[in-house]
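Take the sequences, apply the hints, and build the full model.
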Amino acid sequence: MIDWGGRHGAVSRSEADRILGRRMVLEGLATGVLAQPWRGVVIHAADSLELTTRAQAALLVVEQPAALSGATSLALHGISAVDDTSIHVTVPSSRRNKPKPGLVIHYADFRPSDVIELDGLATFSLDLALADFLCDGDKRTAIAALDEAMHGLAPDHVRALRENVRDRIMDRRDRRGIHRALLLLDLATGKAESPPESILRLIVVEAGFPIPEVQYEITTIEGRKLYVLDMAWPSRRIALEYDGFASHEGRNDYDSERDARMARRGWITIRASAADLRDPQRVLAELTRAFEMRAVA
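Residue numbers (numbering that gives the first Met the number 0): 0 to 296.
Rather than coming from a laboratory, the hints here were simulated on the basis of the structure. A virtual CB, placed ideally from N, CA and C, is assigned to each residue, including glycine. Keep in mind that the hints are not guaranteed to be accurate.
Label-pair distances were calculated between CB atoms; the ranges are [unchecked claim]:
# : residue 1 : residue 2 : range
1 : 205       : 173       : 56 to 62 Å
2 : 206       : 18        : 54 to 60 Å
3 : 96        : 173       : 46 to 52 Å
Dumping the calculated DSBU-like pairs for lysine-lysine here, alpha-carbon to alpha-carbon at most 30 Å [said to hold, decoys possible]:
# : residue 1 : residue 2
4 : 99        : 138
5 : 190       : 138
6 : 190       : 224
7 : 97        : 138
The structure is reproduced here in structure tokens:
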């Protein structure tokens, strides 16, 4: 393995020529040991799927100042909800870089204080990356990413992150997407146990149902916790559970027994799966019937 100096296996073509010699670089490219994700930059072919390698290569391709942003920035911050193989980089508005396959260039003015270093890579801060994605990114991914960023934080830290993201949204010069972003920001709780739960919550709210409580606890008269519901409308005793494949594999009997016990307590339980995220009509129809039943009651 060639040592590029600890920069995630990506260097400019001119530096590769200096380190190895032009002939060896050409030979490496010809044999597939080296690769050029974009013209002017060289990486180890074995690292071509590594996020940090492609991110470093992108920063080398565009002129400075530049910062990793959007889905790339969120992924570098450890947000697993994003799934985008392209590398996103933001450069100042005055610049115009040629588009390249797999490299998405955004144009916006930013301050040095907006950029932090993650593993040596210039990256937008988490609050700025979230604000931008809430405005510009895929809506379902955005709510899932925000919930994931909040998950596990102490309540005061959740409030601080929410306010920081809100300030970033309101400070945007580009006003497009701000209304949507604020709605998603208010909907996020940080309590969802997985990105699909966040997406399912967004689906039911957009369908016109009241905002459900998240991770609602069912307790005994003595206060002992029995169950935790993914989503619930306690006043109507309606529960919505997301059955992820990994967490519910082989649990059909347990889930059926639990639903029966909940029914004896007066609860209607509706279950959703990954297929219902793609086509939610069945779940929404069952929710509609449940709300109609409880409205009559």
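Hints, one by one, checked against the model:
{"no.": "1", "hint": "205 - 173: 56 to 62 Å", "result": "violated (24 Å)"}
{"no.": "2", "hint": "206 - 18: 54 to 60 Å", "result": "holds (57 Å)"}
{"no.": "3", "hint": "96 - 173: 46 to 52 Å", "result": "violated (18 Å)"}
{"no.": "4", "hint": "99 - 138", "result": "holds (25 Å)"}
{"no.": "5", "hint": "190 - 138", "result": "holds (18 Å)"}
{"no.": "6", "hint": "190 - 224", "result": "holds (17 Å)"}
{"no.": "7", "hint": "97 - 138", "result": "holds (27 Å)"}
In summary, the structure is inconsistent with hints 1, 3 from the numbered list given earlier, while agreeing with the others.
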